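**Q** Listed below are the residues making up each chain.
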Amino acid sequence: MSLWFEPRLTRDWDDPSMIGLDGYVAKGGYEALSKALAMTDADIVDVVKSSGLRGRGGAGFPAGMKWGFVPRDTGKPTYVVANFDESEPGTCNNRELVERDPHRLLEGMAIAALAIGCETAYLYVRGEYLWQSMVLERAIAQAYAAGHLGPDVQGSGKRVDVVLHRGAGAYICGEETALLNSLEGFRGQPRLRPPFPAVEGLFASPTVINNVETLMNVPDILVRGAEWFRELGTEKSPGTKMVTVSGKVERPGNFEVPLGTSFRIVLEELAGGVLGGRALKAWTPGGSSTPMLTAEHLDVGLDYESLAEAGSMLGTAAIMVMDDTDCVVDCATRMVRFYAHESCGKCTPCREGSWWATRVLERLEDGQGQAPDLPIMRDLGTNLMFRAFCALADGTASVINSSLQHFPDEYEAHVRLGGCPLKVEHLEEVPA
Amino acid sequence: MVFEGPLRADADSILARYPEDHRRSAVMPLLYLAQSVEGSVTREALREIGALLQITTAEVEAVASFYTMYRLRPTGTHVISVCTNLACKLRGAEAVFEAAHEATGVAHGAELSDDGLFTVHEEECLGVCDFAPAVQINFCSHDTVSPERMRELVAGLRAGEVPSPARGPAFDSFKAASRALAGLEEVPSA
Ligand SMILES: Cc1cc2nc3c(=O)[nH]c(=O)nc-3n(C[C@H](O)[C@H](O)[C@H](O)COP(=O)(O)O)c2cc1C
Ligand code: SF4
Ligand code: FES
Numbered sequence: 134m135s136l137w138f139e140p141r142l143t144r145d146w147d148d149p150s151m152i153g154l155d156g157y158v159a160k161g162g163y164e165a166l167s168k169a170l171a172m173t174d175a176d177i178v179d180v181v182k183s184s185g186l187r188g189r190g191g192a193g194f195p196a197g198m199k200w201g202f203v204p205r206d207t208g209k210p211t212y213v214v215a216n217f218d219e220s221e222p223g224t225c226n227n228r229e230l231v232e233r234d235p236h237r238l239l240e241g242m243a244i245a246a247l248a249i250g251c252e253t254a255y256l257y258v259r260g261e262y263l264w265q266s267m268v269l270e271r272a273i274a275q276a277y278a279a280g281h282l283g284p285d286v287q288g289s290g291k292r293v294d295v296v297l298h299r300g301a302g303a304y305i306c307g308e309e310t311a312l313l314n315s316l317e318g319f320r321g322q323p324r325l326r327p328p329f330p331a332v333e334g335l336f337a338s339p340t341v342i343n344n345v346e347t348l349m350n351v352p353d354i355l356v357r358g359a360e361w362f363r364e365l366g367t368e369k370s371p372g373t374k375m376v377t378v379s380g381k382v383e384r385p386g387n388f389e390v391p392l393g394t395s396f397r398i399v400l401e402e403l404a405g406g407v408l409g410g411r412a413l414k415a416w417t418p419g420g421s422s423t424p425m426l427t428a429e430h431l432d433v434g435l436d437y438e439s440l441a442e443a444g445s446m447l448g449t450a451a452i453m454v455m456d457d458t459d460c461v462v463d464c465a466t467r468m469v470r471f472y473a474h475e476s477c478g479k480c481t482p483c484r485e486g487s488w489w490a491t492r493v494l495e496r497l498e499d500g501q502g503q504a505p506d507l508p509i510m511r512d513l514g515t516n517l518m519f520r521a522f523c524a525l526a527d528g529t530a531s532v533i534n535s536s537l538q539h540f541p542d543e544y545e546a547h548v549r550l551g552g553c554p555l556k557v558e559h560l561e562e563v564p565a
Numbered sequence: 041m042v043f044e045g046p047l048r049a050d051a052d053s054i055l056a057r058y059p060e061d062h063r064r065s066a067v068m069p070l071l072y073l074a075q076s077v078e079g080s081v082t083r084e085a086l087r088e089i090g091a092l093l094q095i096t097t098a099e100v101e102a103v104a105s106f107y108t109m110y111r112l113r114p115t116g117t118h119v120i121s122v123c124t125n126l127a128c129k130l131r132g133a134e135a136v137f138e139a140a141h142e143a144t145g146v147a148h149g150a151e152l153s154d155d156g157l158f159t160v161h162e163e164e165c166l167g168v169c170d171f172a173p174a175v176q177i178n179f180c181s182h183d184t185v186s187p188e189r190m191r192e193l194v195a196g197l198r199a200g201e202v203p204s205p206a207r208g209p210a211f212d213s214f215k216a217a218s219r220a221l222a223g224l225e226e227v228p229s230a
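So the protein lines, in turn, are chains E and V. Residue 565 is where the first sequence ends in our numbering, and the numbering goes up by one at each step. Residue 230 is where the second sequence ends in our numbering, and the numbering goes up by one at each step.
Honestly, the hints are just simulated from the structure, not real lab data. All of these numbers come straight from a predicted model, not from anything done at the bench. All residues carry an ideal CB built from backbone N, CA and C; glycine is no exception. Certain hints may be false.
If the Cβ cut is set under 10 Å, some of the chain V residues that face chain E in the computed set are [as the list claims (entries may be wrong)]: (1) Ala-49; (2) Arg-63; (3) Arg-64; (4) Thr-124; (5) Ala-127; (6) Glu-164; (7) Pro-228.
Please build the complete structure, drawing on both the sequences and the hints.
**A** Structure (structure tokens):
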């Protein structure tokens, strides 16, 4: 279908030459960097602040404000870190953004570096994105050769180096302080905050950490201005957002939409509706860590405020769609097993709680569940939410709490029928 | 010795990526480098990395054991990673995971096949949910893999073929992919 708005991040996605420097420059690439070099760092921070750009990595923190927190008088270097760990189940938009347009990320990083006086920016890529990291290595080499990176950026006398660092398979390393530990050569376990990374981050120095999509919005904001950026999206959630739609839909994929676009439009117009025309049962709005919603929430807008009102979160805008043949307990089991596997082990509620929750869910799905298992699940959900060291455990709790909230009957049926009500063999056991 | 001759030069080039007073950051790429030589990370490699970074072997092992992409036990020539997380599960990943075990002969819970050719690994989200079920062979992506396709891929590998991935170049072994993961592979020009 033709789009009802002018795409931004995806506008050149059908141009394969964008993967190289020449293609990017032909479309105006690195002009934003020239513009930034002619501005004071405070002015760069200000324009990003007035654009209202919010972090796309999950929490939605205003990017300009974060940049503004960086103290400049500590005598220490400052660092920019791009977070390309993208491991939230259901999420793959950063991957495609980088595959199709790698230089935009480098330009965004360089501008962020100028804004906080940073000379070395790190790019943390999850290990499994091996090809994408190689695309970036090539782009970095091209940008150095053309003088957009290196000791004398575009002849300004300013230095911006970009160092790529690969992860090695650990979801928790997407959490910003765990990422910093990983980058420093330690186990990827979160750090106590405060101090926040803006004050004491990488190598105990002031550090700005931003998501890939956040940074890729920055070049346009510099060239076209904050007002232009606000032309799409909502007052409090300006701009567009990449959404990933996966699971039971006709056309899974990454789509760019103005923030505030309803889930119905994304599902029906962009993703082609539920697979095989079946009925929608449940969906995650922002990856498995965000509370699942139901068919009742089709018209909820995909933006920070509307989803909060509906009892969930925008997260990474990774929509996983479950249809009426999918068992919610089975799906919740798989999601919770993920958190049990990825728990870094640092704190007890998460390490033990996600393990126990997996055991209980598995026995429910296997037909070994007992009536007391449901209050046990409720108890686990309550005790995990906001009570662990980092937000990973809130994801575990969200799966448990939201599935229990929206599908209590399905949980009860598992206990009553001694197995999954969606599996035919058990249906036959239902007394007439 | 793992890091001698040209490998010592590779290790030095990795060390040079990081500030002189923060060399410890090099531990992750050095682990990949060791893995690219030995096919897994051995005790000797852990010791040598510790010596290079002036940290204890235990500290290096603490890092190596934290991440799933470092293999501390004997590993097949090819590592087949099958995502079974939700987006892939909804599209039939469990049958693909089964097919991977059957075709390779790797028993559930075992590290590798008897012939030493394969390791099968259940993955969390690989970030290719738009082409579920997602599979990686030696960290190269294969999209929308059916059980039949999985059997074909394994048969091809047995016959010495390197299947073309959905995107990017193919690495013909886990060792070769590990070298690229250490950041030491030339990238073909765009
Ligand atoms: C368990 C966990 C995993 C996370 N994974 C990612 C990730 O893969 N990518 C990302 O950008 N942010 C991730 N985040 C959020 C980061 O901590 C951080 O807020 C973000 O990178 C900041 O960038 P932004 O303000 O541009 O969104 C994660 C957070 C948690 C708690
Ligand atoms: S909540 Fe989980 S992942 Fe986060 S610090 Fe605690 S154990 Fe680690
Ligand atoms: S859930 Fe399988 S790749 Fe994302």
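**Q** Now tell me, hint by hint, if it's right for this structure.
**A** Comparing the hints with the structure gives:
{"no.": "1", "hint": "Ala-49", "in the structure": "violated (19 Å)"}
{"no.": "2", "hint": "Arg-63", "in the structure": "holds (8 Å)"}
{"no.": "3", "hint": "Arg-64", "in the structure": "holds (4 Å)"}
{"no.": "4", "hint": "Thr-124", "in the structure": "holds (7 Å)"}
{"no.": "5", "hint": "Ala-127", "in the structure": "holds (4 Å)"}
{"no.": "6", "hint": "Glu-164", "in the structure": "holds (5 Å)"}
{"no.": "7", "hint": "Pro-228", "in the structure": "holds (8 Å)"}
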